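> In the UniProt record's numbering, the protein residues as written are 1 to 142.
Just so you know, these hints were derived from the structure itself, not from any lab.
Here the structure is a predicted model, which is why all the values come from computation and not from measurement.
Check each hint, because a few of them may be wrong.
[To be verified] DEER-style ranges, computed between Cβ atoms:
1) ARG51 <-> ARG103: 23 to 29 Å
2) TRP72 <-> LYS105: 27 to 33 Å
3) GLU35 <-> PRO84: 37 to 43 Å
4) PRO76 <-> ARG54: 17 to 23 Å
5) ARG103 <-> ASP124: 16 to 22 Å
6) LYS105 <-> PRO78: 16 to 22 Å
7) ASP70 <-> GLU35: 28 to 34 Å
8) GLU109 <-> ARG46: 18 to 24 Å
9) ASP124 <-> ARG46: 17 to 23 Å
Yeah, the Cβ is synthetic: ideal placement off N, Cα and C, and Gly gets one too.
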Amino acid sequence: MRSRVAGVRRRDRHGRGLRGPLTPPQAPVSRTRAERFDDLVHDEVRRLVRRWGRELAPVEFAVEDVPEVDPWSEGPVPLGQTVPGEDGRSVRIVVFRRPVEARAKGEQELGRLIRDLLVEEIADLLGLSPESVDPSYDSPDD
1 MRSRVAGVRR
11 RDRHGRGLRG
21 PLTPPQAPVS
31 RTRAERFDDL
41 VHDEVRRLVR
51 RWGRELAPVE
61 FAVEDVPEVD
71 PWSEGPVPLG
81 QTVPGEDGRS
91 VRIVVFRRPV
101 EARAKGEQEL
111 GRLIRDLLVE
121 EIADLLGLSP
131 ESVDPSYDSP
141 DD
């Protein structure tokens, strides 16, 4: 085993040069799938808050990878959840990234699914119909 000397850059063993990223870190292509998902949720939340700012001011939005579910439970895995505010905490609307990504068949459908999920959670929280929260809502019955 060869020891490495700090600060010395070496070529890889096949002589093709140093390995590293092909794009700069600020380039959109270098964003992870989770970061792109977070961006989609953030953009949709920002759009909905522009319309419902006063009503959504006390609401916190979050993204988690997967929901905590009983492994023996039957039924669909939730895509999102509204967590009631207790003990002085804010109401939280949580979007579960992995189930939403698994359900979507592409980038465009992913954006639509996130939009519809957030609209449904907000409508349920405010006691309104999804169509009144966002006229562009796609009803699952369509």
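> Run the structure past the numbered hints and jot down the numbers of the failing ones, going up.
Checked against the structure, the hints that fail are numbers 3 and 4, while the rest are satisfied.
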